[in-house]
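Chain H is already provided as a structure; the job is to place chain W on it using the hints.
2 protein chains.
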Amino acid sequence: MAKTKVAVGIDVGGTNTVFGFVDRNGRCLKEASIPTRAQEDAPLLVGRLYEAITREFAPLADAAELCGIGIGAPNGNYFRGTVENAPNLSWKGVVDVVGLFKKHFPLPVAITNDANAAALGEGMFGAAKGMKDFIVITLGTGVGSGLVANGQLIYGSDGFAGELGHTIVDPQGRWCGCGRRGCLESYASASGICRTVFELLAIRREPCSLRGVSFEEITSKMITEAAEKGDPIAIEAFDVTARILGMKLADAVAHTSPEAIILFGGLAHAGARIFEPTKRYMEEYLLPIFRNKVKLLPSGLTEGNTAVLGAGALIWGELARQGI
Amino acid sequence: MAKTKVAVGIDVGGTNTVFGFVDRNGRCLKEASIPTRAQEDAPLLVGRLYEAITREFAPLADAAELCGIGIGAPNGNYFRGTVENAPNLSWKGVVDVVGLFKKHFPLPVAITNDANAAALGEGMFGAAKGMKDFIVITLGTGVGSGLVANGQLIYGSDGFAGELGHTIVDPQGRWCGCGRRGCLESYASASGICRTVFELLAIRREPCSLRGVSFEEITSKMITEAAEKGDPIAIEAFDVTARILGMKLADAVAHTSPEAIILFGGLAHAGARIFEPTKRYMEEYLLPIFRNKVKLLPSGLTEGNTAVLGAGALIWGELARQGI
Chain H
802 MAKTKVAVGI DVGGTNTVFG FVDRNGRCLK EASIPTRAQE DAPLLVGRLY
852 EAITREFAPL ADAAELCGIG IGAPNGNYFR GTVENAPNLS WKGVVDVVGL
902 FKKHFPLPVA ITNDANAAAL GEGMFGAAKG MKDFIVITLG TGVGSGLVAN
952 GQLIYGSDGF AGELGHTIVD PQGRWCGCGR RGCLESYASA SGICRTVFEL
1002 LAIRREPCSL RGVSFEEITS KMITEAAEKG DPIAIEAFDV TARILGMKLA
1052 DAVAHTSPEA IILFGGLAHA GARIFEPTKR YMEEYLLPIF RNKVKLLPSG
1102 LTEGNTAVLG AGALIWGELA RQGI
Chain W
802 MAKTKVAVGI DVGGTNTVFG FVDRNGRCLK EASIPTRAQE DAPLLVGRLY
852 EAITREFAPL ADAAELCGIG IGAPNGNYFR GTVENAPNLS WKGVVDVVGL
902 FKKHFPLPVA ITNDANAAAL GEGMFGAAKG MKDFIVITLG TGVGSGLVAN
952 GQLIYGSDGF AGELGHTIVD PQGRWCGCGR RGCLESYASA SGICRTVFEL
1002 LAIRREPCSL RGVSFEEITS KMITEAAEKG DPIAIEAFDV TARILGMKLA
1052 DAVAHTSPEA IILFGGLAHA GARIFEPTKR YMEEYLLPIF RNKVKLLPSG
1102 LTEGNTAVLG AGALIWGELA RQGI
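Chains as they are written, first to last, in the numbering used here: chain H, 802 to 1125; chain W, 802 to 1125.
So that you can see chain H by itself, here it is in the shape it has in the complex:
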């Protein structure tokens, strides 16, 4: 019997690096992870990954065949095969990650950033399957995004396109992790909604179950739970967040006019609490010709690790282009 072809999908995170064996249909045969040890050099991580992948693949080797490696990593650059000044890793400067992998594996290897990988995953296996124009936005600690137009991911001239989290909401606004002020990420992310609650706690006098929580302790999950119990400040925080997100999604639509925008990550877990008002404000801010056209969807990659499936989709796309 012919062996099942599988790609290794790897998600390099600040804490853990997760990998899985992903088949052409987006089924993840097996998943495992190792600690990233962010302070270690990249070659050490790749060496440990080689050992772990080899070990985990061994029991599958009779039925499956490895045919490529896809990597999603912060600041991963598709064109150069590098990770450049990754925010959560102590790797210095520009690291040739694809080159490091190729020393261990005689296979096609490709890399991109985590949000782009997620967009490729949604397009190949998830909510955007069959769509040629869509945007994927991750509302986690930060805001990442991947834009697909004409059926292709937009990498831009330098491989860094799709930084919607760093479009500007208010040039005199909140300080952002990027060193500038007023970026979307500082409002419409899991951490941004926490900042909004603290702003509202200062402005309003209503009682609120979050008045006893410190800035270090508060999470977007706590805000969702408070909102579900009717807490007025938590409810308003969702409204403020959705208005800003809806406005910037309307701007994004004015750029690439996607068929759908897919939201996922921590803040998207609030479900209708965030989707419903974001959709309403987006429609309000849309140019009339775009109204009632753009779907706002949750991730369709529910069965498995989105980032791993996305990294798998990256290399499956490369293999398809090479006719493999």
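Do not rely on the hints blindly, as some may be mistaken.
Identical chains share a label here; the pair holds if one copy fits it or two copies do between them.
[What the hints assert, rightly or not] Straight-line Cα separation of at most 20 Å, SDA-like style, residue types lysine to any residue; simulated pairs: (1) K933 to N951; (2) K831 to A859; (3) K806 to A859; (4) K933 to G952; (5) K893 to Q840; (6) K930 to R981; (7) K1094 to D959; (8) K1096 to D959; (9) K1094 to G894; (10) K933 to L1120; (11) K1094 to F880.
Hint data in this document are derived by calculation from the structure and do not stem from the laboratory.
Then chain W, alone, in the frame of chain H:
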């Protein structure tokens, strides 16, 4: 001797409709125009265009051969071949413009909006020749734009992508022609800078050569001339305009990371007066990874009508895809 293949490039404007015979290298053999008579039905305009094109082409017929028709028109939709609710034409609803042309000409016909046509023209014959990722922005009475990524124009899911003029600068800001508030077009256009001067005339007490000019009379050219003579309010109006434009260009870069942004149209005629501060503010508002990478360029279609060359480029691109 083989005849030179030429495409008809047509620019449908509110006042005049201009056409020209454009060869594969972007040379316009001849240009002519007819009044649009915006209140007339579309079939009448197309009929008059057929007569005019036939008449003007007759003297060229020994040396040239018509091989297609490209049309740039407000709200032109590439996918459907239509013009939909065109702002400056009294044509009602959705008009099948490609269908109307095909009744007269047994040739390939394609349509898109004027800014998209300009982007195709810059890419094929102008300042973006050889680039795969760029944006063209027209700063006329309105603000139009065409986005190219991966070497392809982004039409989006509905054919209406690239409405950067209607991204939102300030949701409580100026009323825009589209019925919403605070669109980029209401600030960073030839008409927007006039509105900015009137705002500054109200705020400031300095003498200004434009204090004797009415809102109906003022033009962006008058503001440029006043600024060149050192008028402080005119100079400040350029600074205000450039700051807003620079900020929204930085947002556009965060979407598609282009190699260059090309500015043209009425306000771009102010040259360094608008390019220099716009570039400076754009760099200030750019996410650090994008800084000092993006060129801000004037149109490279200096020899001839940009819109006609753009419409010609549209159909040359179609013919190339069909192997003609």
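Violations among the numbered hints, reported as their numbers in ascending order: 6
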